[in-house]
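Engineer: Sequence:
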Amino acid sequence: MTDRFKNQVKRSRVWCFILLLISTFLPTTTIFASPGSTNSSTIAGGYEHTIVLKSDGTVWTWGSNANGQLGDGTMTDRSAPVQVSGLSGVSAITGGGFHTIALKNDGTVWTWGLNANGQLGDRTMTDRSAPVQVSGLSGVSAITGGAYHTIALKNDGTVWTWGLNGSGQLGDGTTTGRLAPVQVSGLSGVTAIAGMGWHTIALKNDGTMWTWGYNGQGQLGDGTKTNRSAPVQVSGLSGVTAIASGYEHTIALKNDGTVWTWGLNGSGQLGDGTTTGRSAPVQVSSLSGVTAITGGGYHTIALKNDGTVWTWGSNGLGQLGDGTMTNRSAPVQVSDLSGAVTFAGGGNHTIALKNDGTVWTWGYNGSGQLGDGTTTLRLAPVQVPGIVLISTPIKALTFSSKTSSSVTLTWPTAAVATSITVEQSSDGGTTWSPSTTGTIAANASTTTATGLSPNTAYQFRLIVTGGSSAGTSNAVSVTTSAVPVTTPPVAVNITVTNNPVGTPDTVLVHGLTTGDLIKVYDSATGGILLSSATVPMGQTSVTASVYQLGTAAGQVYVSATSTGKTESERTAKAYEAESIVDTIAPLTKYQFDPIYETSSSGIRYLKGYTTTLRATDNVSGSGVKTTQYRINGSTWITYTAPFTFYAGVTHTVEYFSIDNAGNVENPMNLMDFDNGKFTGAGKF
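So for the sequence shown, my numbering puts the first residue at 70; every next one is plus one.
Treat the hints as calculated values from the structure; they're not laboratory data.
Beta carbons are placed, not taken as given, at the ideal position from N, Cα and C, and that holds for glycine.
There's no promise every hint is true.
[To be verified] Below, in silico cross-link-like pairs of lysine to aspartate or glutamate (DMTMM-like), each with a Cα-Cα straight-line distance of 25 Å or less:
| hint | residue 1 | residue 2 |
| --- | --- | --- |
| 1 | Lys223 | Asp125 |
| 2 | Lys634 | Asp325 |
| 3 | Lys471 | Asp375 |
| 4 | Lys676 | Asp686 |
| 5 | Lys294 | Asp341 |
| 6 | Lys658 | Glu723 |
[Unchecked claim] Restraint ranges, calculated between C-beta atoms of paired labels, are given here:
| hint | residue 1 | residue 2 | range |
| --- | --- | --- | --- |
| 7 | Met606 | Gly408 | 43 to 51 Å |
| 8 | Ser257 | Gly520 | 22 to 30 Å |
| 9 | Asn701 | Tyr674 | 36 to 44 Å |
Use the sequences and the hints to build the structure in full.
Structural biologist: This is the structure:
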């Protein structure tokens with residue numbers, strides 16, 4: 070098998086030169102590709118070679134070297150690690166089909182290996198067995214490789230490509246090959262890139278995925294099988310936090326930890342339990358809690374948050390690492406491997422980095438790409454001798470949720486670290502400042518930044534100190550949510566009571582939630598805040614007291630503010646005129662009309678008096694209900710008409726009245742005839 074692929078590569082060198090000129094190359098089902106994701110910048114795989122980055126900034130490689138892709142100045146295959154010549158200060162590495170790419174910490178890109186299609190970007194088509202700098206490119210933050218093309222992400226969010234373009238994989242609107250970088254058309258705000266075969270993938274800061282290039286198996290995910298020479302959006306997919314590519318399939322990780330795939334599925338590499346190709350995303354079966362993804366040639370790899378690695382797809386060469394050579398259409402766990410912090414896929418082999426800094430490989434080994442000193446195929450992980458990557462900076466920082474004022478960040482647990490801090494930027498990464506999270510435990514894998522402004526674009530990164538994970542993580546871009554508006558109170562749920570002077574007026578609101586704040590205003594907008602109140606724990610209503618609304622009828626305007634939301638619009642509620650409470654007793658007065666008679670002897674004398682009682686209530690009172698009287702302490706009698714006293718007899722008369730509000734007048738003595746005294750409220 071290895072000889073067949075090598076012969077194809079030799080033939081491709083002639084054909085690719087012609088195809089570069091006429092730009093009519095069409096991919097076949099036999100594809101050579103690079104690792105398919107930006108999951109790791111520390112380990113990577115090419116078609117039949119492996120690349121690792123040490124903490125000192127040096128790069129080490131092993132495996133096939135027919136085109137100089139190992140970068141050691143020779144074209145000799147290696148079954149054990151060798152150092153790339155004359156290269157230091159490297160911050161990230163990746164592999165193309167038969168070429169290798171490195172990003173230096175000064176933002177420049179360096180390449181070596183096969184260059185028949187200009188994939189090295191040095192304006193030639195000459196193979197290189199040692200690194201050369203890509204022409205005219207700086208400010209790069211991420212790199213990845215396709216089969217015969219190369220992709221770079223600049224720190225301004227633009228994407229640049231070069232190399233083979235027969236299927237439009239450069240994304241510049243043409244199918245013309247390029248020997249130096251060109252910008253991808255109409256694409257900005259990109260946070261991650263991936264490539265492997267003849268298509269290219271980008272993730273934007275709004276969580277959407279964009280693809281271009283070859284689409285014969287539906288790998289662009291736009292519901293068609295039409296090649297695209299400019300970016301198109303993947304259909305029906307949002308909330309994506311990481312992306313990856315296989316030869317002819319595409320992989321996405323969503324912020325809920327689920328994995329979605331589309332494209333070729335002949336070996337089960339989509340992981341949906343079938344071998345049916347898909348031109349739109351489908352969810353990988355029975356897989357959750359995933360923190361990172363990548364693609365191999367025709368297989369797919371995922372890292373779960375417990376440090377286990379899961380694989381599916383083609384397994385004819387043991388690349389799934391489950392101890393068999395059986396293809397899998399659903400995820401299986403890699404045997405005897407735990408504590409993985411990152412991983413990468415080659416053409417038919419897989420690489421993992423453990424949290425102790427050791428590198429483990431499995432799958433096809435015909436060119437020594439497993440690095441164990443042999444060319445023996447391995448069905449389960451074997452350790453690469455003599456390689457310990459002392460520093461493995463976290464490069465899989467993502468966000469799992471956000472609100473209008475907070476963002477929750479997640480990342481694979483650091484291999485070894487002393488402490489972790491979070492920095493944030495609100496100006497596109499120009500300036501950075503500490504987040505509100507403070508110093509985080511070294512073994513943490515999540516934290517929440519708070520105190521953020523709503524609907525604002527932020528970038529976050531981790532600063533890891535001490536141990537093998539020391540360094541700066543990738544930056545993740547997040548736009549906080551807009552603050553939701555509280556639903557206004559319903560008028561029917563509002564009761565306004567306009568009490569008399571001396572008693573506070575009240576506004577009672579139902580249909581609320583614990584912690585809701587109501588405010589009472591005197592106008593629909595602006596105006597004066599009359600009162601406010603917060604719904605107590607476990608309650609659904611609250612009463613706000615208002616000093617005085619006034620005697621006349623009117624309207625108040627009531628708003629609500631729920632936790633985490635802004636104040637609602639105001640709801641108008643009418644109230645009646647002030648109710649009057651009668652607290653004053655009525656007042657009863659009397660009138661005497663003397664009764665005179667003439668005796669038989671002709672003498673006129675006073676016989677007695679006709680007595681009339683008249684009770685009145687206060688001006689705004691409730692009215693008199695009854696008047697009672699009694700004579701000489703006898704039974705109380707309801708007054709209905711005047712009554713008569715006769716002279717010459719001592720009488721004491723008492724009386725009082727009651728109004729309709731229940732106010733009772735103090736009993737009064739009307740008169741004492743014996744003494745000739747008249748008492749009471751007076752005459753009317």
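Engineer: Run every hint past the structure and note whether it holds.
Structural biologist: Outcome of the hint check:
Taken as a hint, the Lys223 and Asp125 pair is honoured in the structure, with Cα atoms around 24 Å apart against an allowance of 25 Å. Using a Cα cut-off of 25 Å, the hinted pair Lys634 and Asp325 holds, with the two alpha carbons roughly 24 Å apart. The hinted pair formed by Lys471 and Asp375 meets the criterion: a straight-line CA distance of about 23 Å does not exceed 25 Å. Using a Cα cut-off of 25 Å, the hinted pair Lys676 and Asp686 is violated, with the two alpha carbons roughly 33 Å apart.
Restraint check for Lys294 and Asp341: the C-alpha separation of about 20 Å stays at or below 25 Å, so the hint holds. Restraint check for Lys658 and Glu723: satisfied, since their Cα atoms lie roughly 12 Å apart, inside the 25 Å limit. Taking 43 to 51 Å as the suggested C-beta distance range, the pair Met606 and Gly408 conforms, at roughly 45 Å. At about 28 Å, the beta-carbon gap between Ser257 and Gly520 stays in the expected band of 22 to 30 Å.
A beta carbon spacing of about 23 Å between Asn701 and Tyr674 contradicts the range 36 to 44 Å that was offered as a hint.
Comparing the model with each earlier hint shows violations of hints 4, 9; every other hint is respected.
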